[in-house]
Amino acid sequence: MHIINIFAIIIIFTVFYMATVKRITSLINGFLVQSLFISLYVFSEGVLTKNMELYSVAFILFLLKVIVIPLILKQLIKNIKGAFSISLFITLVGMFLMIFRKKAISQIIGLLVMENGLFLLAAAIANGLPFFIEITIFFDILVSVMILGVFVYRINTLFTHIDTNKLTRLKG
Amino acid sequence: MEIFLILGITAFLAIISFFIKNYKALSLVNVLGHLAVLSIVAKLTADIYGNGASISMFNFFYADPLSIFFMLIIGIINAASIIYSVSYISNDLKENIISSAKASLYYVLFNALAFATFLVVMVDNLGMLWIAIELTTLISALLVGFYNKKNSIEAAWKYIIICSVGITIALFGTILFYYAATLTGATSINWTNFMAIATKLDPQILKVAFLFIFVGYGTKAGIVPLHTWLPDAHSQAPTPISMLLSGVLLKTAIYAIIRFTIIINKSVGIEYSSSLFGLFGLLSLGIAAGFILVQKDIKRLLAYSSIEHIGIILIGLSFPGIGIYGALLHTFNHAMTKSFMFLGAGNIVKKYKTGNMNIIRGVINLLPFTGTLFILGAFALGGTPPFSIFLSEFTILMAGFQNKSYLTCGLFLFFIAIIFGAIIHHFSKIIFGKEPADSKVKGYEDFFRTSSISLIFLFIFLIAFGIIVPSFASKILLLAAEVIKQ
Amino acid sequence: MLGVVTANNGFFFLIMWELMSLISYFLVVFDSKKSKSIQAGTIYIIMTHIGTTFITAAILMLFNYSNSFDFIALQNAAELIPSGTKNLIFLFLLVGFGTKAGIVPLHIWLPYAHPQAPSHISSIMSGVMIKTAIYGLLRFVFIILGINALWWGVLVIILAAISCIVGVVYALIEHDIKKLLAYHSVENIGIILLGIGASMIFLKMNIPSLAILALIAGLYHLINHAIFKSLLFLCAGSIYKATGSLDIEKLGGLIKKMPYTTACFLIGAMAISALPPLNGFVSEWLTLQALFLGALNSSGFLRVFLGIAAASLALTGGLAAACFVKAFGITFLSLSRSKKAEEAVEVPFSMKFSMVFLSILAVLFGLLASPIVKYLSHLSQYIANIHLNTSFALNNFTLIIQSKNPIYLSTPLILLLFLLIITIAYFIIHKTLRSNKVATNKTWDCGYYNLTPRCEYTATGFSKPFRLAFSFFLLPQTKTEKVKDSFYHTTSFKHEVSTIPLFNKYIYDPILDLIMKTAKITRKLQSGSINVYIAYIFATILLLIIFMGKF
Amino acid sequence: MKPVIIIVQALILILISLLISGIIRKIKDNLKMRKGASIFQPYYNFLKLLSKDEIISENSSWIFKITPFIVLAAAITATCLIPLFGTGFSLNNMGDIFTLIFILALGRFFLSLAGLDTASTFSGMGSSREMFISSLVEPVALLALFVVALNSGSTNLSLIAGVFNFKLSSLVAVIALFMVTISETSRIPIDNHETHLELTMVHEAMLLEYSGRSLAMLELATHIKQMVFFSLIAIILSPLIILPSFSLYQILFTIAFFLLKILIIGAFIALVEISIAKMRLFRVVDFLGFAFVLSLTALIIQTWGM
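Protein chains in written order, with numbering that gives the first Met the number 0: chain A, 0 to 171; chain B, 0 to 485; chain C, 0 to 550; chain D, 0 to 305.
Treat the hints as calculated values from the structure; they're not laboratory data.
Honestly, I wouldn't trust all of these hints.
Said to hold, decoys possible - Here are the simulated lysine to any residue pairs, SDA-like style, with alpha carbons at most 20 Å apart:
1) B:K148 x A:V92
2) B:K428 x C:F29
3) D:K277 x D:F177
4) D:K166 x C:K519
5) C:K255 x D:L46
6) B:K206 x C:I544
7) C:K519 x B:E434
8) D:K64 x C:T439
9) C:K441 x D:K1
10) C:K35 x B:N364
11) C:K255 x D:S56
12) C:K523 x B:N364
13) C:K35 x B:Y271
14) A:K102 x C:T439
15) C:K430 x D:F177
16) C:K516 x B:K433
17) B:K433 x C:F25
18) C:K256 x D:I65
19) C:K255 x D:K64
20) D:K1 x C:I420
21) C:K441 x D:I55
Chain A extracted, bound-state conformation (with noise of 0.2 Å):
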């Protein structure tokens, strides 16, 4: 039972370690050690629960997360520097919320994720777009909040889950 929490105490500490970092290579082994521990919880998890899915997300996540998006990440580094890099990291992060949460809530968390990645973006290399269309978007991303909210709130009524990877009705 105890490894788990040293699995999780770790986990924090390389969150500090990662918000602390200044170059970007540490900071994706940051984010690679992080998601190992991370697998490894879960694995453990599983082990304790006897739960069979648990293996196969903790082997999914540790075979994406350490293995592939730091690769790419690297990859993608070679050729543009400086923020730009953290802000593209930020965004795909936001994405990959999106990709592997199921609750509806989780993929509007993994949207602002992107969009404030971008602001990163923006404020980084460009030292912010006009000031008039920084507004404006952000205006537009509140009203966008707003309306998941209400199509939320719709799915919530009607299907009584707000779980998305059970809305497979319409298929082919």
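Chain A is already provided as a structure; the job is to place chains B, C and D on it using the hints.
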């Protein structure tokens, strides 16, 4: 000046229809409004027909022949759709599927969508272009989820999520474009200014940026790997809305991509964008052909055929010279034919109460008027000569052959043949044959009077552009093509 | 159809061409209650559309070199097309026009579409519409493209010979009159193409007089086929009107009730199986002469090849005669096999008039061979743009071919001789020996039971030897079924004979299954879960970035 | 002058034809060690039938009545095409060997129609078999004559008769033509013209319903058709001598020589009839297939120039 008028009327209609309670007055106001808008657009086209100049005001609005051409499409389809939705919504009211409050909400959203789509085409500022497209997605998502049934909500949810992801990526691309512009010292994000400094921009960043733009706005345009939301949204939306979605919204996304292609062509050169278009065009054509073959629902089939035609437009854009003229012509023809077909499908679905093609039979006996027009439309969609789609496909093919890209044209012809076969196979099964016994419901006869007006209104365009493109239309198309080839 | 023939610009030609097939599609699906006619219509329009795509591709390739659609411009630009593309364009044109004409591998729509349309429509369709395809072939290949390689003619002749034999063999086992006639259109198109293919070869070997002769033969058969095929379809239409059924097995004995239709059908049958005085014989004779003289002037492989083509033409002639003996004999002669055939009544005047008019035309075209041949020789000289003075008509009765050792043919003389002999025989035998009486009595029934219509010879029986002889090609399937009351007592015995449609089974069905399978695979793409959809977007972005360099 | 000779020539051929079949039957009987009927028996049959009454089945139509005339006319037109005395003396501006084949096909077409007309199963079966065999025979006959015509440069019968170019390919073609004659004149291996057994008769079955005068005409037509085939082979085998002067002695000599050739062919036919038993209907396909291959080899030999 006209630009303000158009935007003003649509905004005014949106607000007004919130307050008018009596449905008759509401629909009358709306129809008149939209006809007025159409006449203004027509006047605008007449102006630039003369001198081919472009109007730009306080470096925010910008209307060159290309955007006016798209305005024409939006105007016509809006007018047809509003006429149809008058009877469509009144019929829903009568069967009290929706309350009268919902009806006025429908008109509010309809006019808001019209406002947003006109905005997209008029704005010069690329950031503003992004915001306008984001607005169209949000409003149309509400309209797709109008009926508050399980399927339509799911479709709306998928539509809004996928398109928002796509548009965020497009924002990513726009920012990169702006970054490239700031490197050369420019500050304004206006399209005209980009054109001026296009040659000085750093090609490496532009290439990456264009990829993001292409994927971003591509999701909104329904290019294949990103098209997943399109069949659900189009088949679940109420008919006038799916007509708008297919006819107008996909075209606005294509408009946005064209705007960026002009910049990239100027700075990086033609082959980069044309190879991208050619690849994705063929991909959309092929996959759409596969889907159309196995479809069971009329509206989904029409949605997939929109993907197919978007693929054709992309292939058209990938051939320089006359190909661009053909692609623009095809955008116009497809907008007309597809909305025409959606109207027909709407009537059929209303009559048979289901979209499933295995149940629908003998449409020609039950709805003789819609039936005949529908089968003619089916042939038009398949690309048979007397209709306009054949003319534009033929121009694209001509450009293709002149461009010596025989493989693309070969595949193009092969997929067109399969799709023609699939469409005829499906539609001839539902049009002819013995109608099911229990479908003698007489309720919809009056419904068809008003809808037939818009059917005929669109059918005229199908035939008019069939054999030879009328001179004034081809002049506008040439001007628009000039803009692209700049 | 007039549009197709009068268009002088490639683009309008295409538009009129597709318009023609579109309208004929609606005619085929005219009485849309029967689901068979919808299916037939769909097959028909899809096949013709595929054909048109090939023609469009060919015209566009031509357009590349002349960048104007006008026929004359295309013609001048034809010289500078490299021979590789010329062959490709020729193949596209052949496939495109082949689907419309109904050459063998592409003929499957013909036996479906023609019988579904009302008879007068199908008479126009097979009489005239198929010929527009031949017109297209002549216009594009002969005039615009010019003959480029010898193998063109050889390929056309091979296809023609195969479609002759296949058409006639399928017609033999067919028991529905209109399907039978549709298969015969395939066979006659083969004969026309034999003539045209032969003229292609001779043009390439530049023997102008023979090329003209072969072209005349092809065109002449084209006109004849238009006449007697529409005649036969009209007769089939009147049979359908009178008896309400087209299946030969149920008809019989119509000769006593419908004398006009019988006479016209007989003339049509004689014309199609190329019996002397009528027009079918003259054009088939001309094709044979063309093949013979071609063989005479060529050597080695080509001579054997032309000989085999002539033999296949003869085989088709023989089989066609057998098929029409079956069709005519079983439908019109002896006792009527069903109540419907019993009460058949002659068709009204308007139908009779058109049938009689066409049969007179058939006879006339047979007799007035030489003036027609004179006109056709000018025509074919224009098509093949060769100018020579020999016209093949000695005087307005006899045809003369190859002045060195002349070969003659004069159908009026044959007819004259026939009538002369018949009158002499009649006078000698009937008038001089008037003493004998002519009594009518029952047919010989081996003496112990009365002959019923059931014991007449049926169409299936008639075509049984052919089915067995060509079993390697038709793959006959027999299904027998015993209807039993109890274990021991069988009340009735059902025997069904069917043949596998070879082409559908081995060429068209596999292609269709392949396309459907790939379509089903693509269907899985739209799996419904939103996460997968976003993964698609993600994947496209990644792939594009990785492969960015390649663009 | 020419038409008179042609008519005389046709009359002689018609008269001789009955004699020839009488002689063939005589040779067959003698070979079977039987006395056999006199060689003039066919004449007696013909005259007897002429004087008999005629019975027509009630089911049949006008086709049944006119078929005898058309079949006879077809046979006689065919004879006019054959040049008996000399090369010039045939109605050759009417047609050539292809026309000959098609005219015979016309006769056969109407005969099988009459067979179907009388609603009796035997004659129906007969016409089906007749059409089956003849449709397989036609390509063989055409190809064989094709080869012979190639040798002599034109399909005009009188020209073929005139030219003496006796090559190997013509010989092979003549053998194929011989097999065609056997099937056309319904001789033993393919069809038995003497019996009335349903299984074996093909040509006879169609004449089953006829009686009296029309049977006489049809019998005469079969004999003439046989004569046409024999004379065709005779001409190809050894061409006619061109008449230098139009003296009586010259004509008698050519007729005698022609008669001799026909007799030899007739004897050969009788020999074949005696030695082979009748084949089953579907073995006929192989028989005619062999004949077709034969004519094809003749064509190939011909292209090698032999």
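Contradicted hints - numbers only: 1, 4, 5, 7, 9, 12, 13, 14, 15, 16
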